[in-house]
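Participant: Build the complex from these two chains, which are given one at a time in their own frames, with help from the hints.
Just so you know, the sequences run in chain order A and B. According to this note's numbering, the residues represented by the first sequence are 88 to 388, in order. According to this note's numbering, the residues represented by the second sequence are 75 to 137, in order.
You may find that some hints are simply not true.
Computed list of lysine-lysine pairs in DSSO-like fashion (alpha-carbon distance at most 27 Å, straight line) [stated by the list, open to error]: (1) B:Lys122 x B:Lys84; (2) B:Lys105 x B:Lys76; (3) B:Lys82 x B:Lys113; (4) A:Lys309 x B:Lys82; (5) B:Lys122 x A:Lys357; (6) B:Lys82 x B:Lys92; (7) A:Lys309 x B:Lys84; (8) A:Lys309 x B:Lys105; (9) B:Lys122 x B:Lys105; (10) B:Lys109 x A:Lys357.
By construction, these hints were calculated from the structure, which means they are not laboratory data.
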Amino acid sequence: MEAFLAGLIGFLIGRGIEPADAAAVVEALRTYLGYEPPLGLTGYALQDIQAGKEANAAVVVRGRAYDVVALNSILKQTQVSVLGKKGERLEVARTIESLNLIETVNLIRNITTISNIQKVAQVDMLTSIANIWSVDLIDRITLIDAITNIGTLNLLNTVNLIKSITSIDLIKQISLIDEITKAKLLTDWAAIEAQDVDVFAEAPLPNGTQTTVLSYNVPSNKTLLVFDWSSSIYGADVGVWAGLAVTSPFNWLDAAGGIRGFHVAATKPKRADAGKTVEIRAMQNSGVQQIARSHIAGALI
Amino acid sequence: MKASEYCKLKPVNVVNEKWNDDGTVDVTIYKQRSKKAYKFRARNLNQKNEEILEDEEVDETEP
Numbered sequence: 088m089e090a091f092l093a094g095l096i097g098f099l100i101g102r103g104i105e106p107a108d109a110a111a112v113v114e115a116l117r118t119y120l121g122y123e124p125p126l127g128l129t130g131y132a133l134q135d136i137q138a139g140k141e142a143n144a145a146v147v148v149r150g151r152a153y154d155v156v157a158l159n160s161i162l163k164q165t166q167v168s169v170l171g172k173k174g175e176r177l178e179v180a181r182t183i184e185s186l187n188l189i190e191t192v193n194l195i196r197n198i199t200t201i202s203n204i205q206k207v208a209q210v211d212m213l214t215s216i217a218n219i220w221s222v223d224l225i226d227r228i229t230l231i232d233a234i235t236n237i238g239t240l241n242l243l244n245t246v247n248l249i250k251s252i253t254s255i256d257l258i259k260q261i262s263l264i265d266e267i268t269k270a271k272l273l274t275d276w277a278a279i280e281a282q283d284v285d286v287f288a289e290a291p292l293p294n295g296t297q298t299t300v301l302s303y304n305v306p307s308n309k310t311l312l313v314f315d316w317s318s319s320i321y322g323a324d325v326g327v328w329a330g331l332a333v334t335s336p337f338n339w340l341d342a343a344g345g346i347r348g349f350h351v352a353a354t355k356p357k358r359a360d361a362g363k364t365v366e367i368r369a370m371q372n373s374g375v376q377q378i379a380r381s382h383i384a385g386a387l388i
Numbered sequence: 075m076k077a078s079e080y081c082k083l084k085p086v087n088v089v090n091e092k093w094n095d096d097g098t099v100d101v102t103i104y105k106q107r108s109k110k111a112y113k114f115r116a117r118n119l120n121q122k123n124e125e126i127l128e129d130e131e132v133d134e135t136e137p
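Next comes chain B alone, as it looks inside the complex (with noise of 0.2 Å):
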C-alpha cells in the first residue's frame, strides 16, 4: 500500500507536513514501532482534487 493510502486508510502515529510555496505539501508518516517513516508528495492534500505526486510504498509486515 501507498504511503499516501496508508495514511487515509491506517491510523499513523506521527504526521510531519511541510506545506511548500509551490502548493505541494512534503507528508512524512510514521507508526510506533516501525523501523520507518514513509513519505509522500501532494498537491491540493486531502481535496477532492488532490494530486499524488511522489508517493513510497509502506512495508505493511512491519508492527
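Extracted from the complex, chain A is given alone in its bound form (with noise of 0.2 Å):
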C-alpha cells in the first residue's frame, strides 16, 4: 500500500500538479481509507503532537525516533506513539523537555520535567520528576532537582546528586544529597532485598592482649558496607576498647571503647572490598580473661 501510495504522488506529479497538492490528495485517500503509514515515515513530529492536542485526541508520531528530538512540550496525551504504532507508550525519545499525563513512558535519555507519568523506565538524565506512580530502572543520573510525590522508585543504580527529595523507595547509591525529607536508603534497601548481613561473634578475650574476637570474609564480587558496629564485654564493670579493621593489607577503619561496651552507628559507611576479611580486634585489663561479644552491620552491594 504505501509503494502504491508513494508512485501515485510520482505520478501526479509528473501530470504537472504541485508536489503539496499531490502529497494533500494521498493524504485524503489515505485518511479515506484508513490506512495509517508505517514504521519508518520522518517529519510528522511536533506538529503532528500540537494537532493532536488541539483535537484532544490521540497522537501518533509518524517516523522514527529521532523525529521527536527536542520537543518542547507533550501534554495531556494518553496515546503517544512514536515507532508508528497507536499505543499507550511513548518509546525511545532523546530528548524531551516537558512530559505530562503520559501512561508509560520508556527509555528517554534526557528530561528536563517530567510529572503525572504513571510508570517510567530507562531514563538516562532528569532534572526533575515529580507524581509518577512507578519508576524502574534508572541508570547513570547526574542531576535531579527535585524528587516529589514518588511512589515507588525502583532501582535507581546510580544518582551523583539530587539537591531535594521528598519521598523515595529503595535507592541502591545516591551520592550528594542536599536535602532529604523521608527517604530509604541504604539500610532499608539492604534488608528489603535481602542483602544485609550481621555478624555476631563471641569470644574469650584474655586480659592485657589485643585479640580478634570477629572475623568475617567479604564474599565474591559484594562490597561490604559497615554502617553499626559494637563490642561488649560479660564481667561487670570492666572496659574495653576494640577497633574495626579490614585486611590484608590490614588498616584500622574505625576504634572506640567504653565500660561494658560500647555501640558504633557509623555516619559513613566503613568499606571492605571483595575478599578482604573485616576484624574486630579487642583488648581488656581486668586482670582475668572475659568473654567478648561482637556485631557487625553491613550491606553487601
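Facilitator: This is the structure:
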C-alpha cells in the first residue's frame, strides 16, 4: 500500500500537479482508506502532536525515534507512539523538555521535567520528576533537582546529585544529596533486598592482649558497607577497647571503647572490598580473661 | 558447596561465630528465606593458614 501511495504521488507530480497538492491528495486518500503509515516515515513530530492536542485526540508520531528530538512539550496525551503504531507508550525519545499525563515512558535519554506519569523506565538524565506512580530502572542520573511524591522508585542504580527529595523508596546508591525529607537508603534497601548481613561473634578475650574477636570474609563480587558495629564484655564494670579493621593489607577503619562495651552507628559506612576480611580486635585489662561479644551490621552491594 | 566455601563466595545474611579457647571457631551461616542454617568449624579463621575441621554441605537448591 505504501509503495502504491508513493507511486501515486510521483504519478500526480508527473502529471504537473504541485508536490504539496499531490501529497494532500494522497493524505486524503489515506484518511479515506483508514490506512496508517508504517514505521519509517519522517516529518510528523511536533506539528502532529500540537494538532493532536488541539483535536484532543490520540497522537501518533509517525517515524523513527529521532523525529521527536527537541520536543518542547507533550501535554495531556494518553496515547503517544513514536514508532509508527498506536498505543499507550512513548518509546525511544532522545530529548524531551516536558512530559505530562502520559501513561508509560520507556527509554528517554534526557528529560528536563517529567510529572504525572504512571510509569517511567530507563531514563539516562532527569532534572526533575514528580507525581509518578512507578519508576523502574533509571541508570546514570547526573542531576535531579527535585523528586517529590513518587509512589515507588525502584532500582535507581546510580545518582550523583539530588538536591531535594521528599519521598523515595529503594534506592541502591546516592551520593551528594542536599536535602532529604523522607527516603529509604542503604540500610532499608539492604534489608528489603536481603543484601544485609549481621555478623555476631562471641570470643574469649584474654587480659592485656589485643585479640581478634570477630572475623568476616567479604564474598566475591560484593562490597561490604559496615554501618553499625559494637563490642561488649560480659564482666561487670570492665572496660573494653576495640577497633574495626580490614585485612589484607591491614588497616584500621574505626575504634571505640567503653565500660562494659560500646556501640558505633557510623556516620559514613566503612567499606571492605570483595575478598577482604573485616575484623574486630579488642583488648581489656581487668586482670582476668573475659568474654567479648561483638557485632557488625552492613550491606553487601 | 561446603558451608565454609559458601560463606566466602556467596552473600549470607547472618553469621554467628563462637570462638573457642583452643583457637577454633564454630561458624553458623544463615541466608534469608532459607529453611536451614549451615555450620563449619575452622582454625585460624580467614587467615592464610586457615584449616577447616568440620564442614556441612549447603543445599543450593534452596532459595
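Participant: For each hint, tell me whether it holds in the structure or not.
Facilitator: Verification of the supplied hints:
At most 27 Å may separate the alpha-carbon atoms for a hinted pair to count; Lys122 of chain B and Lys84 of chain B meet this at roughly 19 Å. Under the criterion of a C-alpha separation no larger than 27 Å, the hint pairing Lys105 of chain B with Lys76 of chain B is consistent with the structure, at around 14 Å. Under the criterion of a C-alpha separation no larger than 27 Å, the hint pairing Lys82 of chain B with Lys113 of chain B is consistent with the structure, at around 13 Å. Taking the CA atoms of Lys309 of chain A and Lys82 of chain B, the gap is about 10 Å. The hint holds against a cut of 27 Å.
Proximity of Lys122 of chain B to Lys357 of chain A is assessed by CA-CA distance (about 24 Å); at most 27 Å being required, the pair is judged to hold. A distance of roughly 17 Å separates the Cα atoms of Lys82 of chain B and Lys92 of chain B; the hinted pair therefore holds under the 27 Å criterion. Taking the CA atoms of Lys309 of chain A and Lys84 of chain B, the gap is near 9 Å; set against the 27 Å cutoff, the hint holds. As the CA atoms of Lys309 of chain A and Lys105 of chain B are separated by approximately 15 Å, the hinted pair is consistent with the 27 Å bound.
This hinted pair checks out: Lys122 of chain B and Lys105 of chain B have alpha carbons roughly 26 Å apart, not beyond 27 Å. At most 27 Å may separate the alpha-carbon atoms for a hinted pair to count; Lys109 of chain B and Lys357 of chain A exceed this at roughly 31 Å.
The structure fails hint 10 only (numbered hints given earlier).
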